[in-house]
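Novice: Here is what each chain is made of, one letter per residue.
Number of protein chains: 2
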Amino acid sequence: MNSVIELIKSHRSIRKFKPQIVSDQILQDIIACCQAAATSSNIQATTIIQVKDPSKREELAQLAGEQPYVASAGAFLVFCADLYRPKLACEMQGGTFSEGNTEHFIIAATDVALAAQNGVIAAESLGLGICYIGGLRNNPQQVSDLLDLPDQVFPLFGLCIGYPDQDPQIKPRLPVSTVFKQNSYTDVNELDGIKKYDEQMQNYYRSRTAGKKQSCWSEEMKALVGKASRPFMREFLKKRGFFMK
Amino acid sequence: MNSVIELIKSHRSIRKFKPQIVSDQILQDIIACCQAAATSSNIQATTIIQVKDPSKREELAQLAGEQPYVASAGAFLVFCADLYRPKLACEMQGGTFSEGNTEHFIIAATDVALAAQNGVIAAESLGLGICYIGGLRNNPQQVSDLLDLPDQVFPLFGLCIGYPDQDPQIKPRLPVSTVFKQNSYTDVNELDGIKKYDEQMQNYYRSRTAGKKQSCWSEEMKALVGKASRPFMREFLKKRGFFMK
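For the record, the sequence lines run as chains A and B.
So for the first sequence, numbering that gives the first Met the number 0 puts the first residue at 0; every next one is plus one.
So for the second sequence, numbering that gives the first Met the number 0 puts the first residue at 0; every next one is plus one.
Do not rely on the hints blindly, as some may be mistaken.
[To be verified] Using 27 Å as the maximum straight-line C-alpha spacing, the simulated DSS-like pairs for lysine-lysine come out as follows:
hint : chain 1 : residue 1 : chain 2 : residue 2
1    : B       : Lys17     : A       : Lys244
2    : A       : Lys238    : B       : Lys226
3    : A       : Lys238    : B       : Lys180
4    : A       : Lys195    : A       : Lys221
5    : A       : Lys237    : B       : Lys17
6    : A       : Lys221    : B       : Lys17
7    : B       : Lys17     : A       : Lys180
8    : A       : Lys221    : B       : Lys237
9    : A       : Lys226    : B       : Lys244
10   : A       : Lys180    : A       : Lys8
11   : A       : Lys194    : A       : Lys238
[Stated by the list, open to error] Coverage of chain B stretches by chain A, computed from C-beta distances (three or more under 8 Å per stretch; other residues unrestricted):
hint : stretch
12   : 65 to 75
13   : 202 to 209
14   : 213 to 220
No lab work stands behind these hints: they were computed from the structure.
All C-beta atoms, glycine included, are put in the ideal place defined by N, C-alpha and C.
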C-alpha cells in the first residue's frame, strides 16, 4: 500500500474546523486538480463557486439544513453541473441547444462529482479536512437565487474545506464481497452482507455514542429510501431546463 | 505542489494497454479506495462489477461503440448506481421502497462517481492508466442484460484499468478564471474564456494530428449539446425503476 492509497483510505468527513482561512494559492491548486479529472466528451461541465461573503455563507449554512460548518470552514465551494457554458459555445457556432435532455444531465452531474473528488484528495493530501454538503439540494431554488445561477446550472453539492479541529474515526463500509462482484450481478449473499454490516454499524454507533445511538445500516436505509427524498427535485430540475425529455 | 497533486494533475486517459493483467491484490486495494469515498447518508450506492469473462468483455467493447480497449485493458470494471441494495435493506426493516424518486437517483449517481474517482487516483498512483467508458450508456439495456442487473441498478460507466502502452499529452482545460467563480455566477468573461480555449484546442489538435484535425471546443459542444444525446435514456431509466417522479 503506497502513501496515496493510505491517504485515500484514511478519509473521514470533518465537521469541525479551526478558524483558519484556506489560502487562495492552495485553492488554486485544488481547483487545478478538479479540472484535471476525466470529463465526458471534454464537456467540462463543472463550475465551482467559492463563497467568501460571510452573509452568503451564513445563509447557505441555514439553507443546507443548519450545518454551521458551511459558514465556519476555511473555504466553502459550491459545485455546479453546468450546461449553460456548453449551450453558449453551441450557440456561438450557430447551433441550437437541445434543452432538457436527460443524458446531458447525467454527463454533467458525473463530471462534477469526478472533479470534486479530485479536489478532495488534493485537499486531504495537504492536511485539510472536507465535508460534502448535499444539503444544498434541500433548497436548490434559494441556493440558485443566492448565487445568481442561470438556467442549466444546477448546484449539485457544496464542499467544506478547512483545517480539522476534530479527529473522528473512519466509518466502516459494507463488506467488499457485497459491493464488488465478478462478471454479473449476483445477490445470493446480499442479505448476509447487509446483516453483517448492520452488526458492525450497531457496534460502531454504540461505541461512539456511549450506547445512546442504536441504529444500523438497514434502518438508516429504511429512513432514506422508504420515502421520497426531496420530492420537489424533479419539478425543480425541469423548471431549470434539465431532465425534460 | 506535493506528489499527490502532481499525480492528479498529470492525468490523461489511456486507450492502449500492455497485455498484462491487473492482479486481484491490486484490484482489492483499488476497490477499498472506492469504498473509502464520501457517501451521501451512508447509502454506499456503488456496486462494482469486474468483467473477466473474455466473451463478455468483447461484447461490452462492441456495446460501448467499438472501443477495443474495453476488451484489452488489464482489468475492466462496471460502476453501477445501486438502489436495489438499499431497497433490500429497507424491506428487511419492514419498509416500502419509494420507487422512482429523482433525488435518490442523483444521490446514487453522485456516490458512484466519487467512488470511481478514488479508485482512479489509486490506480494511477500505482503506475496504471485508466479510461472511463461512458459508452456503456449507448446500450444500457443490453449491458444490464449481459451483467444480470436487477431493476434499480444502473450501469453509469465502465472503467478500463491497465499498464499504459502509450504516453499521450495532457489535454488543456478551460481557463480557470472561466470555471472558478467568486460568490456568484458571473458570466461576463464567459465568451472570452471560450474563445481563448477554442484557440488553444485548435493548436492542440493541429499539433497532435499534423494539421488533420481542425476542431475546437465550441464546435465539439455544438456536436454534443446541439442535439439530444442518447434520447432513449429517460424512458430506459423509468423502465428500470428510476426517475419516475
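Novice: Each hint should be assessed against the structure and marked as holding or not.
Specialist: For each hint, the structure was consulted:
1. B:Lys17 x A:Lys244: violated, 41 Å
2. A:Lys238 x B:Lys226: holds, 20 Å
3. A:Lys238 x B:Lys180: Within the cut-off at roughly 24 Å; holds.
4. A:Lys195 x A:Lys221: Between A:Lys195 and A:Lys221 the Cα gap is close to 17 Å, so the pair holds against 27 Å.
5. A:Lys237 x B:Lys17: Violated - the C-alpha atoms of B:Lys17 and A:Lys237 are around 45 Å apart, more than 27 Å.
6. A:Lys221 x B:Lys17: violated, 46 Å
7. B:Lys17 x A:Lys180: holds, 24 Å
8. A:Lys221 x B:Lys237: Holds, at about 22 Å.
9. A:Lys226 x B:Lys244: holds, 12 Å
10. A:Lys180 x A:Lys8: holds, 20 Å
11. A:Lys194 x A:Lys238: violated, 41 Å
12. 65 to 75: As far as the stretch 65 to 75 of chain B goes, the hint is violated, because 0 residues have Cβ atoms under 8 Å from chain A.
13. 202 to 209: violated (count 0)
14. 213 to 220: With 5 residues closer than 8 Å to chain A, the stretch 213 to 220 of chain B meets the three-residue bar; holds.
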